[in-house]
Amino acid sequence: MKMMSGAAMVVQTLNDLGVKHVFGYPGGAVLDIYDALLGQDQVEHVLVRHEQAAAHMADGYARSTGITGTVLVTSGPGATNTLTGIATAYMDSIPMVVLSGQVPSQHIGEDAFQETDMVGCSRPIVKHSFLVKRAVDIPKAIAQAYYIANTGRPGPVVVDLPKDIVNVTESHPYEFPADVTMRSYNPVLKGHNKQIRKAVASMVKAKRPVLYVGGGAITAEAQGKVTELAELLGCPVTCTLMGLGAFSGVHEQFVGMLGMHGTVEANKTMHNADCIVALGARFDDRVTNNVEKFCPHADIIHVDIDPASISKTVNAHIPVVGSIDVVVGQILEELAHESLQSQTEKLSEWWTQIKEWRTQNCLDFDQSSQVIKPQKVIEALYQHTNGDAFVSSDVGQHQMFAALYYPFAKPRRWINSGGLGTMGFGLPAAMGVQFAHPESTSVVVTGDGSIQMNIQELSTCLQYNLPIKVILLNNRALGMVRQWQDMIYKGRHSNSYVEAMPDFVKLVEAYGHVGIKVDHLDELDDAMARCFAEKEKLVFMDIAVDQDEHVYPMQIKYGAMDDMRLSKTERT
Amino acid sequence: MKRIISVLMENAPGALSRIVGVFSQRGYNVDSLCVAETDDPSLSRLTIATQGDNKVIEQIIKQMNKLIDVLKVTELTEAAHVERELVLVKVVANSEASRSEIIRNVDIFRAKILDVSAVNYTIELTGASEKLDAFITTLGNSSSIVESARTGVCGLARGERALTP
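Top to bottom, those sequences are chains A and B. Okay, so the first sequence: first residue is 1 according to this note's numbering, each after it adds one. Okay, so the second sequence: first residue is 1001 according to this note's numbering, each after it adds one.
Treat the hints as calculated values from the structure; they're not laboratory data. Cβ atoms here follow ideal geometry from the backbone N, Cα and C, with glycine treated the same way. One should not assume that every hint holds.
[Unchecked claim] Taking CB as the label site, the calculated pair distances span: (1) A:Pro77 - B:Met1001: 56 to 62 Å; (2) A:Gly224 - B:Pro1041: 57 to 63 Å; (3) B:Asn1054 - A:Asn361: 51 to 57 Å; (4) A:Asn167 - B:Glu1130: 42 to 48 Å; (5) B:Gln1051 - A:Ile488: 54 to 60 Å; (6) A:Tyr497 - B:Glu1078: 42 to 48 Å; (7) A:Pro438 - B:Asp1031: 52 to 58 Å; (8) B:Arg1158 - A:Pro296: 41 to 47 Å; (9) A:Asn167 - B:Glu1160: 39 to 45 Å; (10) A:Glu338 - B:Ala1079: 55 to 61 Å.
[Said to hold, decoys possible] 27 Å max Cα-Cα, derived DSS-like pairs, lysine-lysine: (11) B:Lys1131 - A:Lys312; (12) B:Lys1072 - A:Lys557; (13) A:Lys190 - A:Lys312; (14) A:Lys190 - B:Lys1072; (15) A:Lys207 - A:Lys20; (16) A:Lys537 - A:Lys20.
[Unchecked claim] A few chain A positions that, by computed beta-carbon distances, are all more than 10 Å from chain B: (17) Leu131; (18) Ser184; (19) Gln195.
Using the sequences plus the hints, can you model the full thing?
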């Protein structure tokens, strides 16, 4: 058996697990591990500028690949700085392992320098955590952390490593664990046959069915089977903000995103459906609006790998616990026994209705405006990237514009903080995407508020030559806050206006990148062409957009799914 | 309505704090909590008394089950079960009259006097929570209570139903 230090074991275990990238920042408690990272070339370490960004990079890396993202930080502030990133991953079920340094075991609890109880601090926002107490336990703890992070409903796992156990001067026998399974952890993948039969009976009977597809379908790599099911049933499909791309956004059966800023046709389809098939979605409050008025006519079939997500907010009539890929496979098998020739005919009235809702063209905006409309920028972005870029986003109006005006044909292309709504997520997430896909176009759509929450990472981009394209929809305001203040607070803009905006072009140039400023509509197309022609460098487009634009449609609070504002003056 | 939930979990550091965390994090009530190692020292058994309607209890059970350290969860109150709680209570017993009244109540409730001093009795009683409540009220009527400590409810299902790994 090989003898090595605890620090070397950490690196060796990562090697044996096939980890290629670690996003991190060194500090006292992890210096031994950093030392062990030198002199090996299997694990590439990416030095960030702020630990929060390390977590978002690992997150973007994981979202765009399905591979668990890895973070390495020191104790105390290094560890606590990752908390927002961990919470972001937790809310969106993203597989991530955070290796945090800890003060030496004998000093735990003494308020030692850079000591925080990381296991305690992170407890409500992790899937699980480990405080490793002996060097020989390191391989198993780390291997189990990866196993837990990326099975069942994925999520972040923290492994806290006291400094004394990773000490480079001591040697211990290293053994990669042959088995990481745990008697207390057995995620269910296959749906219960009786429930599958009930679900199929309900789908076959339905005259107004709809598939409501969430992030769980992307996690389970179920796009193929979901598409097969949708085409077999011939029914409309809507995706959640997290599910965009799980079903192609350019498919004729796609009715758009649903929820607070969903399309009229998606929300009306949901509200009027007689059978809702929820696949890896969790009936979040940003989808349902008032649960009391939620889809009164529908039989609700809820498929999810996490039993706790089922009937948490909206009662499911037919719950099915399992992985979306496996369960939809079972549904397809069961459906093979049914004669479905009549689907087109049976659903013709339903489609007539949906097509009528579509004619409202709820995403129309003022095309004649000389002030640049944010929607226009996203449309231009779609054209210049052939609709095939990895698009990361920050949080706010620009996030909704990107989600609504950039249809995603493939899963894992839309990277955004859906559950936690973390401003500052976009740039580091796009960096994680670029590390995972060095040959692809990685774009971040951001706002003037969000970008400044992790702008220091432009320095990391230079160090690693990341040719990211930053599309800043600059409206000189915190747009979504301003929109709510316009609607609810009679236009009283309390602290939503940013008076001291930096000169972004100069700023990115100072960081060693290319900046392009766009103030007029007629410059937009050329500027974008220049941006995407630049393959080697990061290009930052500072685009001045209409400050008064709102995101519509928008659900009306306390209403049903389909109670929506359509513009500043119109409602459904 | 009182609901009793039994949890079988790994006897591992941090496991208890995760359970308690779910309660505070998701806004569930804990009336009492009783936890100790089982006959298998690698496992702990935890009994939680809580309140809530069926939806809340269903969520509590699901959220407990979701914890990696938890093997099994069941609601005891959904079927026939036995439950017990233990209380230790110290009362003032400094006169002949109060002493004999306390002893009479101890007999009636089948409690036990564990410790005697010049001025105090320390009494043990085991039973259902309601019986303990009644005993403490009765004691308080004839004497004054110095202090008391209760273990919280602990229970098992009747018959062959059991919570095993």
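Here's how the hints hold up against the structure:
no. : hint                             : verdict
1   : A:Pro77 - B:Met1001: 56 to 62 Å  : 47 Å, violated
2   : A:Gly224 - B:Pro1041: 57 to 63 Å : 48 Å, violated
3   : B:Asn1054 - A:Asn361: 51 to 57 Å : 45 Å, violated
4   : A:Asn167 - B:Glu1130: 42 to 48 Å : 57 Å, violated
5   : B:Gln1051 - A:Ile488: 54 to 60 Å : 36 Å, violated
6   : A:Tyr497 - B:Glu1078: 42 to 48 Å : 56 Å, violated
7   : A:Pro438 - B:Asp1031: 52 to 58 Å : 57 Å, holds
8   : B:Arg1158 - A:Pro296: 41 to 47 Å : 42 Å, holds
9   : A:Asn167 - B:Glu1160: 39 to 45 Å : 52 Å, violated
10  : A:Glu338 - B:Ala1079: 55 to 61 Å : 39 Å, violated
11  : B:Lys1131 - A:Lys312             : 36 Å, violated
12  : B:Lys1072 - A:Lys557             : 40 Å, violated
13  : A:Lys190 - A:Lys312              : 21 Å, holds
14  : A:Lys190 - B:Lys1072             : 20 Å, holds
15  : A:Lys207 - A:Lys20               : 49 Å, violated
16  : A:Lys537 - A:Lys20               : 23 Å, holds
17  : Leu131                           : 7 Å, violated
18  : Ser184                           : 5 Å, violated
19  : Gln195                           : 16 Å, holds
Hint violations for this structure: numbers 1, 2, 3, 4, 5, 6, 9, 10, 11, 12, 15, 17 and 18, all remaining hints satisfied.
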